Amino acid sequence: MYLKDVYSISPQVTHTDEFINGNYKIYSKNILSVIEPSYSEMIPASLLRRMGKAVRMGIGAALPLIERHEKLNGIVIGTANGGLENCINFLNQIIEYDEGVLTPTHFVQSTPNALAGQLALMSKNTGYNVTHVNGPLAFENAILDAMMFLEGATNKTALLLGAVEEISNYNYNIDLIAGRYKSDYIDNNKLITSQTKGSICGEGSTMFIVSNDANNALAKLINLKQINYPNEIDLEYLLNQFLFENDLKTEDIDLLILGNNGDVQFDSWYTLLKSFFSSKKEYVYYKNFVGEYRTSSAFALYFATQLLKGRIHHKGIEGDVSSIPKIILIYNQFEGIHHSFILVQSVV
Amino acid sequence: MDREEVKNDFKGHLITYLNLLDITPDKIKDDEPLFDGDLGLDSIDSVELIVLLDREYGIKINNPTEGRQILIDVNTIVDYILLNRTK
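Going line by line, the protein sequences match chains E and P. In terms of numbering that gives the first Met the number 0, the first sequence has 344 at position 345, counting the first letter as 1, and numbering is strictly consecutive. In terms of numbering that gives the first Met the number 0, the second sequence has 48 at position 49, counting the first letter as 1, and numbering is strictly consecutive.
Hints in this document: simulated from the structure, not taken from any laboratory. Be aware that one or more of the hints could be misleading.
Unchecked claim - One side of the interface only, derived from the structure: several residues of chain P facing chain E at Cβ under 8 Å:
#1 T15
#2 L19
#3 G39
#4 I43
#5 E47
#6 V50
#7 D53
#8 R54
#9 L70
#10 I71
This structure is a prediction, so every number in the text was calculated from the model and none was measured. Beta carbons: idealized from backbone N, C-alpha and C, even for Gly.
Throw the hints in and build the complete structure from the sequences for me.
Right, dumping it as structure tokens:
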């Protein structure tokens with residue numbers, strides 16, 4: 000499966016070249032909200048006023064791609080929580096108004112498939128339309144779905160594939176109490192080395208055009224693998240099996256993109272993963288830019304496409320890249336439970 | 000509250016409930032049709048308006064025909080609020 004185009008809205012300025020050019024935003028707080036482009040020119044005001052943040056930034060990231068690639072055969076979205084803020088507002092209203100009259104907008108915007116549905120309506124796309132919602136592997140499952148859809152399809156078949164996740168202040172507070180986020184504020188560029196419990200909260204929307212057609216592709220997504228509840232031995236076996244299935248060895252991987260999130264409770268998984276490779280293996284992190292959220296691997300994939308194209312010369316920030324990589328392995332895990340590998344290769 | 004105060008109160012709620020971006024109360028004309036005018040409200044907004052009236056003024060509109068005669072413009076709604084509000 001080839002990645003033909005990408006658009007990302009994130010806590011970094013990724014909707015312009017600012018992030019690619021190395022201008023990184025530093026936050027001194029534990030909530031990294033997205034920096035949104037102006038939507039007024041692409042989304043009619045009558046629609047925009049109803050949209051929750053997840054739908055808004057999902058559409059904001061998808062519409063530029065839809066405009067550039069008109070003939071899409073479907074839309075596949077991964078989101079763990081969808082319109083979380085609207086969902087919580089809706090649930091709170093049920094209590095506040097004693098199960099009385101409720102406004103429809105919060106409910107409509109809270110459903111995870113609101114984004115894929117709205118995109119289909121706006122682009123008049125009557126093709127395949129699926130939203131995957133299985134937690135921290137929602138985007139991975141969306142990838143898998145897209146790969147299966149494209150398997151055996153013609154070269155002209157193309158899909159919009161993407162992920163979205165939004166921060167809800169209410170939910171952030173619940174997760175904070177549960178220990179998912181750090182109790183003290185830290186700068187995001189010090190996240191990886193923080194060595195304390197919890198991470199920092201992020202959000203974002205990243206969209207791709209995927210196809211069987213290699214022409215003008217940004218990168219090739221070779222394959223992906225996921226596992227739940229592995230132990231350390233499982234992880235090594237899974238990695239070796241995954242590489243073997245794709246005719247690769249650990250030395251063939253030029254770069255690792257690791258999902259370290261600064262949580263001392265779970266970052267040891269990444270240390271373990273690195274131990275399966277040569278000590279000289281190059282690696283980079285990405286959650287220091289965007290924080291932790293359940294579909295952050297979509298940002299990692301965006302990051303990979305930029306590194307493979309040599310657009311980002313990512314030296315000396317968090318891990319080094321001495322040359323433009325040809326094959327990248329993305330490894331991400333969520334609280335030691337949900338793990339995924341994504342292999343991405345450059346296209347010459 | 001006198002009529003003017005109710006009108007401004009209602010316009011504030013209207014902007015909040017319908018999330019009318021870049022609209023201030025003074026930009027909403029009292030006699031401008033809500034559903035065929037510049038505001039461009041639609042059927043989902045009419046449900047939001049019914050919820051607004053229920054929550055903010057204790058007014059229940061159960062009859063669709065009645066609703067069509069009330070939800071015309073700010074003047075008709077404010078008149079109805081002044082006559083029927085229970086809170």
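To see whether the hints hold, each was checked on the structure:
1. T15: 11 Å, violated
2. L19: At 6 Å from the nearest chain E Cβ, L19 (chain P) passes the 8 Å test, so the hint holds.
3. G39: Holds, because the Cβ-Cβ distance from G39 (chain P) to chain E comes to roughly 5 Å (cut-off 8 Å).
4. I43: 6 Å, holds
5. E47: 5 Å, holds
6. V50: 5 Å, holds
7. D53: 5 Å, holds
8. R54: 7 Å, holds
9. L70: 15 Å, violated
10. I71: 19 Å, violated
Of the numbered hints listed earlier, those contradicted by the structure are 1, 9, 10.
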